[in-house]
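Residue numbers (the numbering used here), protein chains in the order written: chain A, 40 to 138; chain B, 27 to 188; chain C, 27 to 235.
It is worth saying that the hints were derived from the structure and are not from the lab.
Here the structure is a predicted model, which means the values were calculated and not measured.
Treat the hints loosely; a few may be bogus.
[What the hints assert, rightly or not] Pair by pair, the computed Cβ-Cβ distance ranges are:
{"no.": "1", "chain 1": "C", "residue 1": "Gln-133", "chain 2": "B", "residue 2": "Trp-164", "range": "57 to 67 Å"}
{"no.": "2", "chain 1": "C", "residue 1": "Thr-156", "chain 2": "B", "residue 2": "Gly-155", "range": "30 to 40 Å"}
{"no.": "3", "chain 1": "B", "residue 1": "Ile-61", "chain 2": "A", "residue 2": "Lys-81", "range": "34 to 44 Å"}
{"no.": "4", "chain 1": "B", "residue 1": "Arg-160", "chain 2": "A", "residue 2": "Ile-100", "range": "45 to 55 Å"}
[Unchecked claim] In the PhoX-like style, the derived pairs of lysine-lysine whose C-alpha atoms are separated by at most 20 Å in a straight line are:
{"no.": "5", "chain 1": "A", "residue 1": "Lys-87", "chain 2": "C", "residue 2": "Lys-145"}
{"no.": "6", "chain 1": "A", "residue 1": "Lys-81", "chain 2": "B", "residue 2": "Lys-135"}
{"no.": "7", "chain 1": "A", "residue 1": "Lys-96", "chain 2": "B", "residue 2": "Lys-135"}
{"no.": "8", "chain 1": "C", "residue 1": "Lys-232", "chain 2": "B", "residue 2": "Lys-81"}
{"no.": "9", "chain 1": "B", "residue 1": "Lys-135", "chain 2": "A", "residue 2": "Lys-88"}
{"no.": "10", "chain 1": "C", "residue 1": "Lys-232", "chain 2": "C", "residue 2": "Lys-186"}
{"no.": "11", "chain 1": "B", "residue 1": "Lys-81", "chain 2": "C", "residue 2": "Lys-145"}
{"no.": "12", "chain 1": "A", "residue 1": "Lys-85", "chain 2": "A", "residue 2": "Lys-97"}
{"no.": "13", "chain 1": "C", "residue 1": "Lys-145", "chain 2": "A", "residue 2": "Lys-85"}
{"no.": "14", "chain 1": "A", "residue 1": "Lys-85", "chain 2": "B", "residue 2": "Lys-135"}
{"no.": "15", "chain 1": "C", "residue 1": "Lys-207", "chain 2": "A", "residue 2": "Lys-88"}
{"no.": "16", "chain 1": "B", "residue 1": "Lys-81", "chain 2": "C", "residue 2": "Lys-207"}
{"no.": "17", "chain 1": "A", "residue 1": "Lys-87", "chain 2": "C", "residue 2": "Lys-232"}
Think of the CB as a built atom: it goes at the ideal place given N, C-alpha and C, for glycine as much as any other residue.
Residues per chain are reported as follows:
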Amino acid sequence: MSNIANVFNPKQESKPIEDCLSCDIFNSIFLLGTGGYLSSGKAILKDKKVSVKEFNKKNPIWWRNGVRSFGAFLIGYGIFRSFDTYESWKTSQEKKLSN
Amino acid sequence: MSADHSRDPCPIVILNDFGGAFAMGAIGGVIWHGIKGFRNSPIGERRLGFLNAIKARAPVLGGNFGVWGGLFSTFDCSVKAIRKREDPWNAIIGGFFTGGALAIRGGWKHTRNSAITCACLLGVIEGVGLMFQRYAAWQAKPMAPPLPEAIAPPTQAQPLQA
Amino acid sequence: MASMLSDNGSETFDRVTNHNNNEIDTSKLTNIASILTTPGFDSSRLHPLAGLEKGVEYMDLEDEQLSTMEGSQGLIPSRGWSDDLCYGTGAVYLIGLGIGGFSGFLQGVKAIPPNASGKLQLNTILNSVTKRGPFMGNSAGILALGYNIINSSINAFRGKHDIMGSVVAGGLTGALFKSSKGPKQMAYASGIVASVAGLWSGMKDKVLE
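Build out the structure end to end from the sequences listed, making use of the hints.
So this is what it looks like as structure tokens:
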């Protein structure tokens with residue numbers, strides 16, 4: 040097939056990216072770190088300048104819990120990803136050895 | 027055949043983006059605050075006002091830009107690693123989280139608005155980028171040899187000329 | 027390209043010589059339009075070596091090449107001055123942030139009021155770290171930014187990169203950084219930054235050897 044049509048209308052489809060070990064490692068660490076930060080409750084702290092009432096209005100309970108549970112979810116996902124990353128690291132090591 | 031040298035692999039590209047954003051902010055800050063400091067000081071002390079404004083404000087502006095760029099790049103990288111895809115949505119999702127993360131101290135409404143604004147902004151930027159890409163591809167299209175007029179059923183068969 | 031030749035070199039030869047056996051009958055072709063509309067026309071048949079079946083590849087000879095300037099090869103492959111600038115600034119900012127954070131930590135520990143509660147202790151240290159770290163980071167980032175801009179300008183002007191250029195760039199950056207503090211401070215800053223730049227360049231050359 041001629042590709043001339045593709046030249047006139049370049050497709051902007053989403054391209055899959057090949058496996059990238061450094062990206063996976065980084066991503067696992069990032070997920071665990073962000074998850075830890077969010078679930079620790081340090082992300083939403085009361086400033087001395089705002090009153091308790093105002094703080095509660097700005098940060099409703101569901102929002103605080105939501106941020107915390109999002110953090111917990113990130114930690115869980117980060118653990119899952121870490122295992123994945125470990126697997127792909129192992130296969131890459133085996134590939135290196137067999138070469 | 028052509029390896030993609032245009033982006034570096036993930037964790038290290040954050041350093042690049044961070045530095046780039048810092049440089050942009052700092053240089054912009056020198057220009058912006060330099061002019062402001064120059065104009066806002068009395069006539070005799072304009073040079074001093076110019077220098078002081080730059081020294082006090084430009085590094086901070088650079089730092090703020092840098093934090094934004096670095097955070098955005100970090101989120102972008104993570105979204106890429108999770109989705110395993112390369113398309114404009116990465117930047118939009120990354121922008122959403124960046125905006126949210128930077129505003130999280132200001133309460134939930136502030137966080138929501140900031141996240142949405144940031145995502146829209148990134149969407150617009152990505153859209154403009156795509157348009158430019160299309161335009162560049164259209165401009166750089168290989169020129170086909172001009173077709174003879176008889177692209178419809180040729181009335182008179184002419185011998186092919188070498 | 028070379029691998030393609032070795033893989034199907036014989037096939038290529040066949041296709042070029044025996045084109046009468048192909049579905050395209052050249053005797054019936056009259057003009058380009060009839061070639062393009064011939065049933066069974068395949069762009070890859072025009073010339074196998076052209077690699078037309080792989081699609082069009084745009085070559086950005088200008089943009090995507092690694093820097094080839096003499097002596098400019100760094101620890102990270104660099105595509106030119108903008109890469110040096112971004113990576114240099116980012117890395118130096120992070121180093122400054124780390125050093126500033128550490129010194130802020132030490133200061134905070136020293137500044138803890140006597141018999142303070144645990145929370146107050148933590149707060150004092152955190153405040154000191156978050157104040158000192160970004161300040162040092164910003165200053166270091168500005169220094170690296172200035173150094174990289176001047177260094178790249180010098181390199182571009184001279185057409186090569188060596189330790190001398192780095193040292194001169196460092197000296198200029200230091201002087202510029204302290205330009206509002208008088209000549210003595212300027213000289214100090216200039217000397218410090220120049221020696222750091224020289225040390226760094228020398229170390230880089232040693233590592234790359």
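**Q.** Outcome for the supplied range 45 to 55 Å, where the beta carbon pair is B/Arg-160 and A/Ile-100
**A.** holds (48 Å)
Q: Assess, step by step, whether the Cα of B/Lys-135 is no farther than 20 Å from the Cα of A/Lys-88, and give holds or violated.
A: holds (18 Å)
Q. Falls inside 30 to 40 Å, the C-beta gap from C/Thr-156 to B/Gly-155?
A. Holds - the Cβ-Cβ distance for C/Thr-156 and B/Gly-155, about 35 Å, lies within 30 to 40 Å.
Q: Quickly compare the C-alpha distance for A/Lys-85 and A/Lys-97 to 20 Å and report which way the hint goes.
A: holds (10 Å)
Q.
Hinted pair, alpha-carbon criterion (20 Å max): A/Lys-85, B/Lys-135. Please report holds or violated.
A. OK: A/Lys-85 and B/Lys-135 at ~16 Å, within 20 Å.
Q | Hinted pair C/Lys-232 and B/Lys-81, Cα distance within 20 Å | A | violated (36 Å)
Q. Going straight from one Cα to the other, do C/Lys-232 and C/Lys-186 come out at no more than 20 Å?
A. The hint holds at about 18 Å.
(Q) What's the verdict on A/Lys-81 and B/Lys-135, does the C-alpha distance respect the 20 Å limit or exceed it? (A) Given pair A/Lys-81, B/Lys-135 holds - Cα atoms ~18 Å apart, limit 20 Å.
Q: Compare the distance between the alpha carbons of B/Lys-81 and C/Lys-145 with 20 Å, and conclude whether the hinted pair is satisfied.
A: violated (35 Å)
(Q) Against the 20 Å threshold, does the CA-CA distance of A/Lys-96 and B/Lys-135 hold or violate the hint? (A) holds (10 Å)
(Q) Hinted pair, alpha-carbon criterion (20 Å max): B/Lys-81, C/Lys-207. Please report holds or violated. (A) holds (11 Å)
Q.
Can you tell me whether the CB distance of C/Gln-133 to B/Trp-164 sits inside 57 to 67 Å?
A. holds (59 Å)
Of the numbered hints stated above, those contradicted by the structure are hints 8, 11, 15, 17, listed in ascending order.
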